Structures are given as C-alpha cells and as structure tokens.
Amino acid sequence: MVHRTNYRTTLYANFVLFEKSHNCNSDYIDYMKKNRNREIEQREVVIKLENINKTFSLKDKNTDTIREKVLGIFSKNKKRQLKALDNINLEVRKGEFLGIIGRNGSGKSTLLKVIIGAIRPDKGGIVTTNGRIMRMSLAMGFDPNLTARENVYLNATILGLTFKEITGKFDEIIDFAELHNFVDTQVKFFSRGMKSRLAFAVAVHAEADIFLMDEFFGGVGDAKFKEKSEQVFEESFIEGRTIIHVSHQFRTIRDHCNRVILMDKGSIIAMGRPNQVIPVYRKLLNLEKEVDLDMEEN
Amino acid sequence: MVLTLIPNELSSSKHCYQKINIKKAALSRGSFFYVSIKKKYSFFLNIEYRTRNIDIQKVTLLPVLTQLRDNNRLERIWLLAKIDFKKRYYDNSLGIFWALINPLCRFVVYYFAFTYIFPQRIPNYALYLFSGLIIWFFFAQGTKKGIKLLKTKKYLIESIQFKHSDLFIASTISACYSFMFNFIAYFIVSLIYGVGVHPTILWLFVLFFTIVVLVLGISMLLATINIYLRDIEHLWDIVVLAGFWATPIIYPHEITMVKLPFLQYLNPVAGIIINIRETVLNGNAPYYHLLVYDLVYAGILFLIAKFVYNKFAHKAVEKL
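So the sequence lines, in the order shown, correspond to chains A and Y.
Taking the numbering used here, the leading residue of the first sequence gets 1, the next gets one more, and so forth.
Taking the numbering used here, the leading residue of the second sequence gets 299, the next gets one more, and so forth.
Among the hints, a few may not be true.
Quick list of in silico lysine-lysine cross-link-like pairs, DSS-like style, CA-CA up to 27 angstroms [claimed, not checked]:
| hint | chain 1 | residue 1 | chain 2 | residue 2 |
| --- | --- | --- | --- | --- |
| 1 | A | K164 | Y | K461 |
| 2 | Y | K617 | A | K59 |
| 3 | A | K169 | Y | K451 |
| 4 | A | K169 | Y | K617 |
| 5 | Y | K446 | A | K59 |
| 6 | Y | K617 | A | K265 |
| 7 | Y | K446 | A | K164 |
Just some of the chain A residues that point at chain Y, by a computed CB distance under 8 angstroms [unchecked claim]:
| hint | residue |
| --- | --- |
| 8 | I66 |
| 9 | A118 |
| 10 | I119 |
| 11 | G141 |
| 12 | L146 |
| 13 | R149 |
| 14 | G160 |
| 15 | T167 |
| 16 | F170 |
| 17 | D171 |
| 18 | E172 |
The hints are simulated quantities; they were obtained by calculation from the structure and are not laboratory data.
Since the structure is predicted, the reported quantities are computational estimates derived from the model, not experimental observations.
Glycine is no exception: its CB is placed at the ideal position from the N, C-alpha and C atoms.
Excised from the complex, chain A in its bound form (with noise of 0.2 angstroms):
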C-alpha cells in the first residue's frame, strides 16, 4: 500500500515537473524571447536622462585644507574643467538589458552614479527613474567589518524591505551566494567571488528593478555561478527587470544585450543592436588585427 502511493506521487511529481520545464513555460519564453526587442518598445520607461552633462573641476593642487585655502588666495590654482558627461539623452525601457562600452574613462561609470543619484547632474538635467535601483560593482555595497548577515540586511532594508520579508528570503539569497558555512564572517575575510556572489543574490532576491552592473562579471565567479547569473539574465526580460551592464566582456554583451550603447569622451556615439555596435567600437580602437576583444580583458 505504501509502495504504491509512493509510487504514484513520485510520478506525477515528474509528470509535474516534466510540463513545467518542457510545455508550458518553454513556448511562452521562447516566444517572448522571439520578441523580444518588439515587446520591449510597448512598454514603459523606467530611466528617463535628460540633457544630462556633468563637469568636474579637477585641481592641480590639494585645496581642501584651511592652509591651502588661505595660500590660495595669494597664489593662483590651476583649474581644469573635465566634463565627464556630455549632452546625453536616454530612455530605457522596463526589461532591457542595455550594454554599455567605451574606452577607460568615457564616463560610463559616471553615468550610472548620475542615475542612482549619488552624483547629481549639472543645471538642466533631468534624471527620471522608477523602481528600486542597485548598483552593483566590486569591492563596493559591503561593510568590511560587518558579517554577511548583517550586510543583507542592510542592503535590503535600504532597498525598501521589511524585516519581514528579509527573513524570508534570507535562506534563497545565502543558497544563491553558496555561503552557507560564512554567514556570520566578516566580509573582509571573503574572497572576491565571494562578495560578488553574495551582492548579486541580494540584488536578485530582495528584487531590484534595476540593476547598474558596473564591470561586475571582470573575470571572477566560477562556472556554476555563471550559469545561475545567465539564468537571471535570461529571466530578467520576462520579469521585468532592467539591467544596464558597463562592460569589456563582450560575450555577455554579444548574448544578452538587447541594445548597446558606445560612450566616447563623455557622450553616446553609438546606440544600436550589439552585432552594429561592436564593430563601431573595434573601429574606435583601432585595432588592425583581428583581436578577440573577451581575451584583452583577460
């Protein structure tokens, strides 16, 4: 009697799962996956930039003592003016995966300090978002000192959670970091897979809508955390999530991105499908051999 009931819950247990990964959900994804880039113009925008332009006077000299400022005034200070952010105009919509490419210092970080809010615009612009931004990179959103539990929560509960809800997910996002045995280490000691690992799951668990990857993926995750980040890749678009990634990895450019831009000196020149914008930047270079661009990086 047992024998049987066993049995038959296990089979249609795999019955179950069986037209969950094979029927029903596959069409749907891979229709909208088919679709993607048409889905993604009906729908709304969530990061609005208007005439963004930013400029840093940049000194020669350290003026941020009284001593320097006193001298100051005798003797004169070069000051240069950098503008790092040039005129930009962009809307994304809610599901894009945007990539962004350029050269060392054509102002993509700056771009997504702009659109979080960190560094404010000069007179004029207008930055526009709706949801829950997070920006992830390396080495940054963590505390040293505190533990990996004290760092989710804190991440979360600034991401607008409840102690609640953190609870909750608590156990997916320390699964989805595989930090069991670290959960009460001072992320200091962890490694930089590690912290990746652990602010990419908070990201994805306490539900970011935007996610700002700013050269997250250099080279760190093994291949099993790979996989899991593609899947959130791949899901991201039916989810609703948007994630603009600054990077020089240009596989993940080439496969996920539904448009790229390419930033020069502090202003977009190219905006486009990855397969038009690569080559742009590959011009830019001025690169006469045919370089695979993923290997410079490593």
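Dock chain Y against chain A, hints included.
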C-alpha cells in the same frame, strides 16, 4: 506635468484628491519634489514621495501610522543605528560593556582629581559630576561621529538609492544608545547615594530632545563642511576640548551663570546640563529662560544645517 494624488486607505476624506501642477524640473530629484508640495499643504498633510511609483503619490493624514505600516524607513533607521552601535565594539572581547566602562573610568578619574586634589564644595559632587559628564560625552561622541559619516557610508550612497539624511538620524540614535547605558549607570550610582527620583525628571524628555536636535544639526553641518574643508575634524576636536572647560561640568554652574553669562548663551549644552541637574538631581523646576533659549538655538541651528546640507551635500560622492 500633472500629478494626481491618490489618498491612502487610512484617510478617505474628500480634500485628499488634489491635482497639483509641478514644474518638470522639480521631478529630477525626490527631495525637491517633496519640498515643493510640502510647502503648500504642510500643516495638514504629509505627502510621501516614492520613486517606485512616479504617478501615484500617497497623501495621508496620519503620517506616523502609515510610516509604520507600509514604509520601512523606521526599520531602516533602527537597523543602521543598531549596526553602527555594534560595530564600534565588534572586535573587542568585552564588547558592549565598553560603552559602560569608558564613562565610568572617566568619572572615576575626574572624581578623584576634583575631590582630593582640587576639592569642590558642591553637595552630591559625584552625581553632579557624573550627570554633566554623560551629557557632554553624548554631545561630543554624536558630533564627532557625524563629521565623517558621509565618507564612512559612501559605499551605501554609491550603491543604493535612499534618503541620505537617514544616516544622520541613525548615527544620533546610536549615540543615544550609549547615553542610555550611561544613564542607567548614573541611576545606579544615584540610588547608592540615596538620591530619590523626583517627579521633575519628566523635564528630561524635553531637555534630551533639545540636545538630540542640537547634535543632529551640528553633525549635518559639520559633515557638509567636511566635504570642502577636511580640517574641520581636527578643529572640532579643539572646540570640543574648549567646550568641555567652558561648560559647568566639573565646577559649580554659578560661575557661568553669574560671572561669565556669555558662555552659556554661546554654548547651549551648558544650559541643558544646568537644567538637567536642576530637574533630575535637585528636583527643582528648570530655568525657563535657558530652556526656551536652548530649544530655539537648537531649532534654528537645525534648520540652517538642513538648508546647507540640502544645498551642498550632493557633492559628497565626487569630492570625498
């Protein structure tokens, strides 16, 4: 741009439905937007800006209740404060007890110095000294921590969008935790000395509120100045040291009240300490002129600090 304000379930009165025209530029930052509406309806409404839904703003008549219910702001501040407090004693084997040991040791040192080396003729000198010390300790600790706050919490500002002024509230609350520990110690000492609890202890709430507002204002102001002038940290150390001797902590307060009255008008902490002693230790009514003066002083300083902070603090990420 026209925004429709939709009322919360809690308040269903008709006047909650409003259409307000707001300049498009005002939408660029949450705080601007918040301010621009709040000016019009500041007295009877609390309008909450959430980036999540740009079109729907919440209008409530019971701000505190809704904050508790659907906004996690209180929880966030609580957690920030708790972690801040815990972090200071993290790697120490005695842990949180340092919050108690430090002021107790200071108290013992000053007590021996000023009873045996320079004897004072003040009744209940131990309690007199202890009460002054813990208030000053709270003030010094709270403001000193505030100076570096934008730098130490840069990692959060850069990675997640939230209201940055929460950081200051949290750090002040974390200083309040230490004060609580100290006050418990004071209470135990006062029971040993046989000084009972006077009903005038209720004035403590008003007086403590004053000093909290003062600390909050000063730390916001100093943190903003710190972006442009890194020296302020060392300068403030000197000010705190000078302030310690300009405040009647170890000597009788008649000196400031009679001989040097300008000191207690320059330094509002002096008035607060005098009043706390009068009410908690002696069981008398507070000096009302000092009470009102300090409250107004702290309030005005807080408003100035908030104005300066809103105007200049956004440079923190690029300059620090």
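Task: Enumerated hints in conflict with the structure, sorted upward - done: Checked against the structure, the hints that fail are numbers 4, 7, 13, 15, 16, 17, 18, while the rest are satisfied.
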